[in-house]
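Participant: Chain order of the listed sequences is R and D.
Counting in my numbering, the first sequence runs from 1 upward without gaps.
Counting in my numbering, the second sequence runs from 237 upward without gaps.
Treat the hints as calculated values from the structure; they're not laboratory data.
Treat the hints with caution; some may be incorrect.
A short, non-exhaustive set of chain R residues, derived as facing chain D with CB atoms under 8 Å [stated by the list, open to error]:
no., residue
1, K46
2, I48
3, I225
In this text, a Cβ means the ideal position worked out from N, Cα and C, and glycines have one as well.
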Amino acid sequence: MKHLSEQELTQAYFGDVTAEGRRHLESCAVCKRELQTLAGTLDALKAIEPPELAPHWEEGVWRSIESRASAGLQRRSARPWWMLAPALAMVVVLAFAAGMWVERRSDSGRGAMAANTRERVLLIALGDHLERSQIVLAEIENAPESKTNDISAEQQLASRLVGENRLLRLTAARAGDGTSAAFLAQLERVLVEIAHAPDSVSESELNELKGSIESQGLLFKTRVIGSNAKEKGMKL
Amino acid sequence: MESIDEAAIAEARRGNPDGFRVLVERHSRAVYRLTYRMTGNEHDAEDLVQETFLRAAKQIHRFDGRAAFGTWLHRIAANCATDLLRARTSRERRMVKATKDEDGAQEVMANVAAATPSPERLALSTEILRLLTPAMAQLTEMERAVFVLRHYDGRSIEEICEVMKVKPGAAKNSIFRAVQKLRRVLEPALGRAARTAV
Ligand SMILES: [Zn+2]
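So here's chain R without its partners, still in its complex pose (with noise of 0.2 Å):
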């Protein structure tokens, strides 16, 4: 009876076995041994962990890397990113999650940004998402019937919000905050419904999704809450 190899027993090890092979093993002693072996030693690697880390740990990481960092991405981008205005909702967003993720990990807050800041800047997101989120809603709204009507416009729009829609809703659901929550996946819902229809949608077609803004007065919630948003965003 052949034996198996090193190389089959370590693809054994990681599960990339022949049905002969397995056959094998179950009745050589041999090479259930040489198996075991190598199972030990490579078991043994794997336990090995490191002692716990400081909460905060990686704040420190950041900090000692910031500026060395920084430059290594300023090398490759072509233009300074504040110079690309439609993903600095998104950026508020990420600083405004990666905070709370933070700080959910221990009760200072030692996060970079302040609470304040970041709340202010989650507003003003939210007050310019919600704004741009109108402008689609009320073209829908009171978009002419024909027969056919083109809202490849509006799509493109609704497409691009519904990403920064979700990070919002799972932002404001992270920071306890389900009223708004619960709205944003109202609006997100539309605004899916609107990204995925057809590039021409015919009357009724249209009707449908004017009532799925009406039904549930997403319009005026919209306006509402966006322009309360930005307001008190701008008072922090």
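Dock chain D with the ligand against chain R, hints included.
Facilitator: For chain D with the ligand alone, coordinates are given in the frame of chain R:
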């Protein structure tokens, strides 16, 4: 939360440090765990975390998104270990020699079939920790990266091929050679116990 990674990567690529910071905050602990497993040393592991993210910042425009960001990052971490492991090897070698001299007095029990941790298993881990750096230093950059992704991260051969840009056969060979080299360094020290284990 892959979508947060995606958005953060997009920002980092535009040169926005806030985007990159999100990536550091989300991934640095996992990278640390990995670099510690390659070096067995907290100080080296932390240095490697920094080096990994600095390289990642410079190379982020090359990340094509076909593999998970974590996989791509861990590959960089494995590559970063190369110089450091080589530099540390001579020091470690002296330590290994000292260990061998004590061997007669040390009874390292390696009950390889044991399923639960026991004092013997812990002794085995300590022994491996001592030999870890010289053992890892034997591997080529490719072998170490592929082994680390397969063994520690549990990545599939397909994903490894994607991130390493190699064929499955080459990946499997690298894993085998890595295992062979590691065993050659680690097992002699544990061999007597392993041979007597039932
Ligand atoms: Zn056999």
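Participant: For every hint, state whether the structure bears it out.
Facilitator: So, going through the hints one by one against the coordinates:
1. Against a cut-off of 8 Å between C-beta atoms, the interface hint on R:K46 holds, since the closest Cβ of chain D lies about 6 Å away.
2. Given the 8 Å rule on beta carbons, the hint for R:I48 holds: about 5 Å separates it from the nearest Cβ of chain D.
3. Hint status for R:I225: violated, given a least beta-carbon distance of 23 Å to chain D, over 8 Å.
The structure fails to meet hint 3 from the earlier list, while all remaining hints are met.
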